[in-house]
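Keeping their order, the protein sequence lines are chains C and F. For the first sequence, our numbering assigns the number 1 to the initial residue and increments by one for each residue that follows. For the second sequence, our numbering assigns the number 1001 to the initial residue and increments by one for each residue that follows.
Hints are computed from structural coordinates only; laboratory data are not their basis. It should be emphasised that the depicted structure is a prediction, and the values quoted were computed from it without experimental measurement. Where is the CB? At the ideal position from N, CA and C, for every residue including glycine. Careful: at least some of the hints might be erroneous.
[Unchecked claim] Derived EDC-like pairs: lysine to aspartate or glutamate, alpha-carbon spacing no greater than 20 Å straight-line:
#	chain 1	residue 1	chain 2	residue 2
1	C	K83	C	E3
2	F	K1051	C	D25
3	F	K1051	C	E19
4	C	K58	F	D1098
5	F	K1165	F	D1178
6	F	K1051	C	E10
7	C	K53	F	E1100
8	F	K1051	C	D40
9	F	K1135	C	E19
10	F	K1039	C	E19
11	C	K53	F	E1109
[Unchecked claim] Under 10 Å between C-beta atoms, here's a sample of chain C residues computed to sit facing chain F:
#	residue
12	G20
13	G38
14	V49
15	S74
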Amino acid sequence: MTELMDQLKEQIILQLNLEGMKKEDIDNDSSLFGGGLGLDSIDALELIVLLEKNYGIKIANPADGKKIFQSIRSMAEFIEANKK
Amino acid sequence: MTDKNYITAVCSVKNGTVKINNTFDFTNSLVTSGVDFLKSVYTHYQFNYPKFFKMDGLCKLAFTASELVLKQNNITNTYKPEDIAIIIANRTSSLETDSEHQHAISNKENYFPSPSVFVYTLPNIMIGEIAIRNKITGENSVFIFDKFDAEFMSEYVNSLLNSNKAQCCITGWVDFYDNKYEAFLITVEKKKSALGIENQTEELNKLFITNA
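Based on the provided sequences and hints, a complete structural model is requested.
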């Protein structure tokens, strides 16, 4: 799980152009939105694409997004539970 | 009698250089790509606006030139948000990002268009970025021309000011394509500034050529 969370952080930094940020700067349990990362609604869409492109996972119900993208840990748990 | 309006600040960004009010202010010949140069400008002038890094090249360029031209005067504090217009022209629209998006959707086997690329597939997004940054809500338009049309631009902006649709205007040329980038932004107001340049075709054309 730790390895997956580190990998996710690197992918998020790259995909969302979080210039100057390192994976050590992102806490596993901190809120991804409304926190220090400054993510917006377009970033949320990018995260959906990231899950599909890198892990082959589609979010069937958009309402689940809020829970899935709560933190790095919640994203990793979702991937572990749904990866093919 | 036609009211006179005046160019109160000038900024140009192209070929690894920044000019402010016709004077070289920053140069970086160490980088070859337009985006890398704009990042070095961002760092040099300490813009402190992380959203800059999410923008496409065209918006980075427009944002950079707008930050620098607006530093020369105080128009965002002087005028009401609805009294500041933004009128920009360019040649290649948002073609750089359009091509990137088109590339992303051309392979049906690997079909992952990026939302953050797609949102920049309109040239007027550069105006949106400037407006959001400065909380400007006035009249705005982007025009596509083969080359800078000083007559059209000066007349259009003068018309906005003389009809009181705006009290001042951020205007000029911002073009970014295939690693060629050129921004020329000015502010136009009803009052005369130290620059003392009237916003009319001949003067504007001369200014554009000087900064080219």
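Hints and how they fare:
At roughly 15 Å between alpha-carbon atoms, K83 (chain C) and E3 (chain C) fall within 20 Å of each other, so this suggested pair holds. Using a Cα cut-off of 20 Å, the hinted pair K1051 (chain F) and D25 (chain C) holds, with the two alpha carbons roughly 18 Å apart. Between K1051 (chain F) and E19 (chain C), the direct Cα distance comes to roughly 9 Å. Compliance with the 20 Å bound is thereby established for this hinted pair. Proposed proximity of K58 (chain C) and D1098 (chain F) is contradicted: the alpha carbons are some 26 Å apart, above 20 Å.
The straight-line distance between the Cα atoms of K1165 (chain F) and D1178 (chain F) is roughly 36 Å, outside the 20 Å bound, and the hint therefore fails. Taken as a hint, the K1051 (chain F) and E10 (chain C) pair is honoured in the structure, with Cα atoms around 19 Å apart against an allowance of 20 Å. Taking the CA atoms of K53 (chain C) and E1100 (chain F), the gap is near 17 Å; set against the 20 Å cutoff, the hint holds. Under the criterion of a C-alpha separation no larger than 20 Å, the hint pairing K1051 (chain F) with D40 (chain C) is consistent with the structure, at around 10 Å.
For the hint linking K1135 (chain F) to E19 (chain C), the alpha-carbon distance of about 24 Å lies beyond 20 Å, and the restraint is violated. Our distance criterion of 20 Å between C-alpha atoms is met by K1039 (chain F) and E19 (chain C), whose separation comes to about 10 Å. Between K53 (chain C) and E1109 (chain F) the alpha-carbon distance is near 11 Å, which keeps this suggested pair within the 20 Å criterion. Among the interface hints, the one on G20 (chain C) holds; its C-beta lies about 8 Å from the nearest C-beta in chain F, closer than the 10 Å criterion.
At about 6 Å, the closest approach between the beta carbon of G38 (chain C) and any beta carbon in chain F falls short of 10 Å, and the interface hint on this residue holds. The closest approach between the C-beta of V49 (chain C) and any C-beta of chain F is roughly 6 Å, which is under the 10 Å cut-off, so the hint is satisfied. Residue-level restraint check for S74 (chain C) is violated (minimum Cβ-Cβ distance to chain F is 21 Å; threshold 10 Å).
In summary, the structure is inconsistent with hints 4, 5, 9 and 15 from the numbered list given earlier, while agreeing with the others.
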